[in-house]
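*Asks:* Read off the chains here:
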Amino acid sequence: MSPRAPIPLEPASTDPARIRNFCIIAHIDHGKSTLADRMLQLTGVVSDRDMRAQYLDRMDIERERGITIKSQAVRMPWSSSVVEPVATTYALNMIDTPGHVDFTYEVSRSLAACEGAILLVDAAQGIEAQTLANLYLALANDLEIIPVLNKIDLPAADPDKYAEELAQLIGGDPADVLRVSGKTGEGVEALLDRVVERVPAPTGDASAPARAMIFDSVYDSYRGVVTYVRMVDGGLRPRERIQMMSTRATHDILEIGVSSPEPTPTHGLGVGEVGYLITGVKDVRQSKVGDTVTTAAKAATAALPGYTEPLPMVFSGIYPIDGSDYPELRDALDKLKLSDAALNYEPETSVALGFGFRCGFLGLLHLEIVTERLQREFDLDIITTAPSVVYAVRTEDKKTVTVTNPSEFPGGKIDAVSEPVVKASILAPKDYVGTIMELCQSRRGTLGGMDYLGSDRVELHYTMPLGEIVFDFFDQLKSRTAGYASLDYEPAGEQEADLVKVDILLQGETVDAFSAIVHRDKAYAYGTMMAGRLRELIPRQQFEVPIQAAIGARIIARENIRAMRKDVLAKCYGGDITRKRKLLEKQKEGKKRMKMVGRVEVPQEAFIAALSGDTESAKKK
Amino acid sequence: MPSTLPAGDPAPADGTLPASVAVGAEARDLGVYLHVPFCRVRCGYCDFNTYTADEVRGVRREDYADQAIAEVRMAREILARAGVGTRPVSTVFFGGGTPTLLPVADLARMLDAVRGAWGLAPDAEVTTEANPDSVDREALRALAAAGVTRVSFGMQSAVPHVLATLERTHDPDRVPLVVGWAREAGLAVSLDLIYGAPGETAEDWERSLEAALAQHPDHVSAYALIVEQGTRLARQVARGEVVAPDDDLQAELYERADALLTAAGYSWYEVSNWARSAADRSRHNLSYWTGQDWWGIGPGAHSHVGGVRWWNLKHPAAYADRIRAGLSPAHARELLDDETRRVERVLLETRIAGGLPLEALEPAGRAEVAALIAEGLVEGRPAIHGRVVPTLRGRLLADTVVRRLLTD
Numbered sequence: 001m002s003p004r005a006p007i008p009l010e011p012a013s014t015d016p017a018r019i020r021n022f023c024i025i026a027h028i029d030h031g032k033s034t035l036a037d038r039m040l041q042l043t044g045v046v047s048d049r050d051m052r053a054q055y056l057d058r059m060d061i062e063r064e065r066g067i068t069i070k071s072q073a074v075r076m077p078w079s080s081s082v083v084e085p086v087a088t089t090y091a092l093n094m095i096d097t098p099g100h101v102d103f104t105y106e107v108s109r110s111l112a113a114c115e116g117a118i119l120l121v122d123a124a125q126g127i128e129a130q131t132l133a134n135l136y137l138a139l140a141n142d143l144e145i146i147p148v149l150n151k152i153d154l155p156a157a158d159p160d161k162y163a164e165e166l167a168q169l170i171g172g173d174p175a176d177v178l179r180v181s182g183k184t185g186e187g188v189e190a191l192l193d194r195v196v197e198r199v200p201a202p203t204g205d206a207s208a209p210a211r212a213m214i215f216d217s218v219y220d221s222y223r224g225v226v227t228y229v230r231m232v233d234g235g236l237r238p239r240e241r242i243q244m245m246s247t248r249a250t251h252d253i254l255e256i257g258v259s260s261p262e263p264t265p266t267h268g269l270g271v272g273e274v275g276y277l278i279t280g281v282k283d284v285r286q287s288k289v290g291d292t293v294t295t296a297a298k299a300a301t302a303a304l305p306g307y308t309e310p311l312p313m314v315f316s317g318i319y320p321i322d323g324s325d326y327p328e329l330r331d332a333l334d335k336l337k338l339s340d341a342a343l344n345y346e347p348e349t350s351v352a353l354g355f356g357f358r359c360g361f362l363g364l365l366h367l368e369i370v371t372e373r374l375q376r377e378f379d380l381d382i383i384t385t386a387p388s389v390v391y392a393v394r395t396e397d398k399k400t401v402t403v404t405n406p407s408e409f410p411g412g413k414i415d416a417v418s419e420p421v422v423k424a425s426i427l428a429p430k431d432y433v434g435t436i437m438e439l440c441q442s443r444r445g446t447l448g449g450m451d452y453l454g455s456d457r458v459e460l461h462y463t464m465p466l467g468e469i470v471f472d473f474f475d476q477l478k479s480r481t482a483g484y485a486s487l488d489y490e491p492a493g494e495q496e497a498d499l500v501k502v503d504i505l506l507q508g509e510t511v512d513a514f515s516a517i518v519h520r521d522k523a524y525a526y527g528t529m530m531a532g533r534l535r536e537l538i539p540r541q542q543f544e545v546p547i548q549a550a551i552g553a554r555i556i557a558r559e560n561i562r563a564m565r566k567d568v569l570a571k572c573y574g575g576d577i578t579r580k581r582k583l584l585e586k587q588k589e590g591k592k593r594m595k596m597v598g599r600v601e602v603p604q605e606a607f608i609a610a611l612s613g614d615t616e617s618a619k620k621k
Numbered sequence: 001m002p003s004t005l006p007a008g009d010p011a012p013a014d015g016t017l018p019a020s021v022a023v024g025a026e027a028r029d030l031g032v033y034l035h036v037p038f039c040r041v042r043c044g045y046c047d048f049n050t051y052t053a054d055e056v057r058g059v060r061r062e063d064y065a066d067q068a069i070a071e072v073r074m075a076r077e078i079l080a081r082a083g084v085g086t087r088p089v090s091t092v093f094f095g096g097g098t099p100t101l102l103p104v105a106d107l108a109r110m111l112d113a114v115r116g117a118w119g120l121a122p123d124a125e126v127t128t129e130a131n132p133d134s135v136d137r138e139a140l141r142a143l144a145a146a147g148v149t150r151v152s153f154g155m156q157s158a159v160p161h162v163l164a165t166l167e168r169t170h171d172p173d174r175v176p177l178v179v180g181w182a183r184e185a186g187l188a189v190s191l192d193l194i195y196g197a198p199g200e201t202a203e204d205w206e207r208s209l210e211a212a213l214a215q216h217p218d219h220v221s222a223y224a225l226i227v228e229q230g231t232r233l234a235r236q237v238a239r240g241e242v243v244a245p246d247d248d249l250q251a252e253l254y255e256r257a258d259a260l261l262t263a264a265g266y267s268w269y270e271v272s273n274w275a276r277s278a279a280d281r282s283r284h285n286l287s288y289w290t291g292q293d294w295w296g297i298g299p300g301a302h303s304h305v306g307g308v309r310w311w312n313l314k315h316p317a318a319y320a321d322r323i324r325a326g327l328s329p330a331h332a333r334e335l336l337d338d339e340t341r342r343v344e345r346v347l348l349e350t351r352i353a354g355g356l357p358l359e360a361l362e363p364a365g366r367a368e369v370a371a372l373i374a375e376g377l378v379e380g381r382p383a384i385h386g387r388v389v390p391t392l393r394g395r396l397l398a399d400t401v402v403r404r405l406l407t408d
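Heads up: the protein sequence lines correspond to chains A and B, in order.
For what it's worth, this note's numbering labels the leading residue of the first sequence as 1, then goes sequentially.
For what it's worth, this note's numbering labels the leading residue of the second sequence as 1, then goes sequentially.
Next comes chain B alone, as it looks inside the complex (with noise of 0.2 Å):
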């Protein structure tokens, strides 16, 4: 999540959700994000809200499962209070920070916790994401043991120049080995790439993704890199020490990367995300696309349920001393009207395989998409049976395409 949240309205102390948030919840999922906000250093182009010390501002590192215990069991009552609480969760995520920077025993401990409030469903699908130096085979096979079915490992790249830029630590002869021990644990593997790092080239992105197909991963994720505000990476940029990574060149590799993915047998089925097949797509990444559930658990975490979204405060020491308190560490919140969760729709869904049905459209929106079609932008198949989805141009100039959907 990025360091600065949104402006919204004043949530209430006790986290009471409008009764609202019932209608229709039978038919969504429930998930559960667990943030862990720590990491051994923080990399340059990174905006998440995530902490390097062990202590910060007398809060430890090692009390922080408790808390977010605390948050679980907390919202297990607020949802039970809205008459939500009934569904067994069905994906969990653990993400940060660096999860694994906590001992394996305290992540088995919150999802217990939310085993405890919820259940899980029998196919749950429960993702860690962890960095190739922060976890060995032992850690492995005991998150297993403990529940998790999935690992996402931050490999960014595997040419040394790009790593080095991008100051991820990890040595790129590790990836082989914790994805070996990650599949002898019987996890499913996710490996995470990021494009576009100042000074890598197009060769060298070839070079990262060939050397992640090499691992035949069951899911891909290929982002962007982004120069955040207030990030280390930005003002190098301001400084001119570094050339901020081009648009078009990100544009290239992308179509590289979706290249190459789809040669291997991969298909998208989001922007940034790539999957083995159907089964292998995350559920608890198409979760945010499509307008399930989730409670977002840990500092600066986001959450959506029924038509109310909400973030926690950000600052771990904050956060902490509403959960001591016995208060819903909740900073703000939006409850969302009609019109809004439909433009939300039209905003989320235009991004994913399963495209937007046509009728979340007003005529002004349907008409234009013939022009989307004519322009390469739309599918024109999956349009005449009722979806829009984008085209592999169109994914590159999604803002637009959700633009003119909405025009007025």
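In isolation and in its complexed conformation, chain A is listed as follows (with noise of 0.2 Å):
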């Protein structure tokens, strides 16, 4: 244990005063969990021995991509003398927040947890936009932001410059910026300090009813769902019968606790706290982030602020590659549902793929995420179509109709379609402003201003359509920047569009599954990208094969894939009958994995890549 870790305060019957709620702002990848663990050894929660890298980030596929999806609360002691004159314990609530543009509105939640907020930067990379979509909600909060650069041991590290860089971003002195190493714990000790120092202690009213805000919500599969609350007034204890504000259902409190960073059951929370509850309930949903826990004895009147529900703004179709594993998709989402509360999905029948579900995601890196977890923690194949937004399809008659899925586009007469807009940030080094720009442009976006940050490196303001976004715009922004442009976008309202929908046909056969809603300036493009991409990955069959692309009934694009002629191999290689007898079953597999559109057999695989835009992988298969 450190010595500057001493006998902790006891939850429940902590003085207010001695609380200080902090989080930490940082981009994917400048050493969040590094930094988060060698507070959780300096402060002795964790023993040498016990830590492992990342101790916080629980699921695989956060450790792996090095992101945090889901937060979490560490309540750590530290003594510091900074505020009084003698040693004096503190209990530091460390809140993690979830580092995504698709989780703006789960951090906004445990942003407002929060007191105070560690604004952290890689010193060799300087400040990225979602760090600066984050830090603005901080800001937003009232949150005492309290800089600091990381990685300073790095060879490439310039902390002058960043710490300059960040001085000019929130007023102060660049002196003032802290410069730490989480890999070698290089200023973290003078950091907890600072935290102790600067960010406010919590304020409540331990008199009144209780009133805690939830700022995460997690499905455990052995203990079921557990709720992380920031208490705010009056406070909770074990056994204690509480209300859900947002829909009046109540619960029992079965355990309720500190994580320090296992969980550690207290005799209740008080004023200022973080800490969980356990209910026995199963879905997330019955614990909804934003809502505001009270007792069902002496009930609040008033909810706090700010709560929401999640709104999907992402759909995609996800189909098994087998459709007998249809109903094991349908499990695998329901499990996944519940610790997912803005994921959201319906049956679905594709003439294509067969039957599936249409998702609705927060976005694109929610979607890759669920898509991800699905493959890897229940071990499915599964297609997923190209993800579409929401739009508002006004036909003649004056009726709108709501589109998530380009099969429910109205085929008749189109008096109006609105589609949804977003602001985007998007900052990178400023050498990279024109292309940015080009690109930008060609995705139908409106430049609403540039700011300098530093002396190199630009924010510009976009506005634009969702769609555009969705289709590949990652993918190309980082490809055109050397990686070195960083994204993030807010909903902006929605505007009209001239939007039509592609279909691809395949020997006069709608191929629902790349059917696409488009702006007409670009539904040729779509289309010859799309024939041609399907040109290269079927195989050619008995006969021929024409590929079209049609607005409604007007081919726009033709590709054909010639009839094969031979397939033949010419010789039994002296006898050796093994061979070509496992050639035919090998091709029997390969069949097996076809599907049929019409009488034309399309690979699994054609499909993914069609989809997907990774025409390589599939042909090399």
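Please note that a few of the clues may not be correct.
What the hints assert, rightly or not - Computed beta-carbon distance windows for the label pairs:
1. G380/B x A497/A: 20 to 30 Å
2. P12/B x E585/A: 18 to 28 Å
3. E536/A x D171/B: 19 to 29 Å
4. M437/A x G230/B: 46 to 56 Å
Unchecked claim - Straight-line distance between alpha carbons at most 20 Å, and here's what the computed SDA-like set of lysine to any residue pairs gives:
5. K582/A x R61/B
6. K582/A x A238/B
7. K588/A x L361/B
8. K588/A x E368/B
9. K582/A x R60/B
10. K423/A x G449/A
11. K580/A x L336/B
12. K588/A x R404/B
13. K582/A x G8/B
14. K592/A x V343/B
15. K591/A x V346/B
It is worth saying that the hints were derived from the structure and are not from the lab.
For every residue, glycine included, the Cβ atom is placed at its ideal position computed from N, Cα and C.
Join the two chains, each given in its own frame, into one complex according to the hints.
*Replies:* Below, the structure is given as structure tokens:
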């Protein structure tokens, strides 16, 4: 145990003046988890022996990608004499925030649980767009910001330059920017002292009816839903009956406690404290992030502000590659839903892909995480269709149809189509401004302005259709800027646009999975691109297969797969019949992975590749 | 045989065959394939089990005949123990490699060993492969005297730039000479051709076919060039130095070959083989497609006896070690169950003019035949008489036809 980590304060009876609630705002791989690891060790809550890298990131996906999807809170004791003349013990609650644009709402709730935020920036890279976005949120929540440069041990670190940039950004003196290394631990004690000194103590009314804000809700297969809360007023005790203020649903507290970092039951939680509740509910939807928890016996009258229902922004169809896996896919989604309140889905049928689900996501990363979890945790082979957004289509007879799937696009005459737009901010070295503007313009973006950050980096503000961002925008941005650009966006209403549905036909049959809603100016480009891809990906058949792209009945692009003329192997190789038979078995196996579109056999790989744009790896198969 | 061997079950050290191989043996022919794993040069497209050095890891070329003879004797014992050793051999085939790189006396001794082990049927077909530049008048006469009845010349092409691409060393003008000498010696003649080499045009191919037909061979084989993994040709294709043969062009070349050969009075009896009359067909070749018994002698050689397939160790040195120790050189084997035998039958007999009896198909496969006739892949008339015979288009798409006949 560290000499700086003495006897912890007793939860439920800690003086709010001795509590500091803070979070760390950082970009992916700017070292947040490593810094958190050092704090856990320094404060003695994790022994050196039990330490494993990135202790708090629990899911494999999180650890591998170096990002945090779900937040957590850890209570750490810390003794400091920076405020009082004698060394005094404090309870530091570190609230981990999700680090990605898709989870802005969850981030905002985590921030609302804190009084201060460590703004952690890589001393070799400077601040990134997502960090900026979260910093704005923190400032909007009146959080005390502690600027810190991390990775000062790196040879490429330029702390003077980035200290200047941070000071310019949030005001203050570059000398006040702390410099630490999460890797070596250098400067971390000073940082904890700074938290005690600068982060305001929480305030609240201990005698008022209990009000606790849910900032995270996690499904645990053994314990059910674990709800993370920040007590604002009053207190909660074990075995008390609680009420969720949005739904009025009541539950009994089976366990209440704090994480340090393993869950530790306590006698309750008092004003300003951060901890967890277990009530035995099995679905995170019964314990929604942002909701207010009160007691059933003495219920509060007003909920804490800021609660909203998560709203899906991006939609995609998810289908099992093997149709017989449909029940497994449904079970897997049902299980994922328990831990992911933002995921929603409903059954959907595709002519080409069979039975599957239309799923709504907060954004592209959310979609990626869900599909990856389905594949990894549930061992399912799935296909996802091209992501789509929500369109409002007004038909000639003034009816409005909500379209989240190109197949729902009305067939008759269309009066107007409106699409969601976002405010996007892109942060990049100034040399890339030209190429970024070119990309954004080609995606129907409108430049709203430019800000210089320091001497060589620029933040560009664009208003863009979300539909343009979900289609391959981020990959394009990264590849055109050698990976330097970062992106953040937030919803900014809707706009009317000249949008059409482009269908792809194989031998005259529409392949619904390939239909897309695109701007009229880009319909031709989409049609030729898709038809060209499919020509590469679909193996030759016994007969000629025309591939067409069409808007309604009008054909806008056409390709042809010529008929296969020969597949026989000439020789039998000196009687090696076994080899020939094995080849046949392989071919038959391959056929099982084909989907029939009319008479045309389309390999699963072709669907995946055509939908992802990855034509190269499919051809290698 | 290809450079890689299939995976299989372990083969017993003494080569013992299960008793099941005796079932129906009297109705099957017995053939012997004698592999000679030596060549003067290795051609860029070839992935057969052959070696160009005089001595491979301590195994000398001059010792090879004795090793092969030892395996023939072992084969006789094993077949006798299994109760299938009483039939005289109906076909013998010397293949390679280049069999005629061995002295004729060696080949004669090997053939004598076969004769000694089982006897040769009076009408036995005894073929050797030969390169036009690896035999002369004397050698052909001596082969005939030793009992060889048929020679298959690796002519490949009559066009110098195609021969150069294939890295064949013979002068095309030598083909008429060796064919004449073979006839003089009383040997039946087959010419082997390869089509679809990089750079070969349809006109080149027709020139080769016409040159072959001008020799009035009894039999013609025409094989599409295949880019096999691990060959020099595959590496050249991978590096982009040559363009891999295109399936469409190969289909066209095949169609031209069939047209020219048919017009000249030859008829196809297997996808890649044409004969002047039924008597001129290679019975040894057909035995592979019709499930007869044959024993493959030599490194990497494949055998089939009564539903058991096995293959020998590939390397001549490893092979020689086993033979010297009196052990079976078999590397691995496969015991075919009834369903696998049925699948193989469909796979193999769909390639031959004799066709596949409809009884070999399951009901779903039989139902598919009508669609295959309608699509022009299977001949209508023989189907009505109970046999599935592919059309010209069906021969080229034989893999598709087989797959559809085997639909579950």
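*Asks:* Against each hint, give a clear statement of whether it holds in the structure.
*Replies:* Each hint, compared with the structure:
Under the hint 20 to 30 Å, the C-beta atoms of G380/B and A497/A, about 58 Å apart, miss the expected range. As the Cβ distance of P12/B to E585/A is approximately 26 Å, the hint placing it in 18 to 28 Å holds. A hinted range of 19 to 29 Å is violated for the C-beta pair E536/A and D171/B, which are about 44 Å apart. The hinted window of 46 to 56 Å between M437/A and G230/B holds, with their beta carbons roughly 51 Å apart.
With a C-alpha separation of about 34 Å, the suggested pairing of K582/A with R61/B is violated against the 20 Å cut-off. At roughly 25 Å between alpha-carbon atoms, K582/A and A238/B are farther apart than 20 Å, so this suggested pair is violated. Annotation: proposed proximity of K588/A to L361/B holds, straight-line Cα distance about 16 Å (limit 20 Å). For the given pair, K588/A sits about 16 Å from E368/B by alpha-carbon distance, which is consistent with the 20 Å threshold.
Taking the CA atoms of K582/A and R60/B, the gap is about 35 Å. The hint is violated against a cut of 20 Å. Restraint check: the Cα-Cα separation between K423/A and G449/A comes to about 11 Å, which is no more than 20 Å; the hinted pair holds. About 14 Å separates the Cα atoms of K580/A and L336/B, which keeps this hinted pair within 20 Å; it holds. Between K588/A and R404/B the alpha-carbon distance is near 10 Å, which keeps this suggested pair within the 20 Å criterion.
Distance restraint check for K582/A and G8/B: the Cα-Cα separation of roughly 11 Å lies within the 20 Å cut-off, and the hinted pair is therefore satisfied. Straight-line distance between C-alpha atoms of K592/A and V343/B comes to about 18 Å, which keeps the hinted pair within the 20 Å bound. Taking the CA atoms of K591/A and V346/B, the gap is near 18 Å; set against the 20 Å cutoff, the hint holds.
Going through the hint list in order, the structure does not satisfy hints 1, 3, 5, 6, 9.
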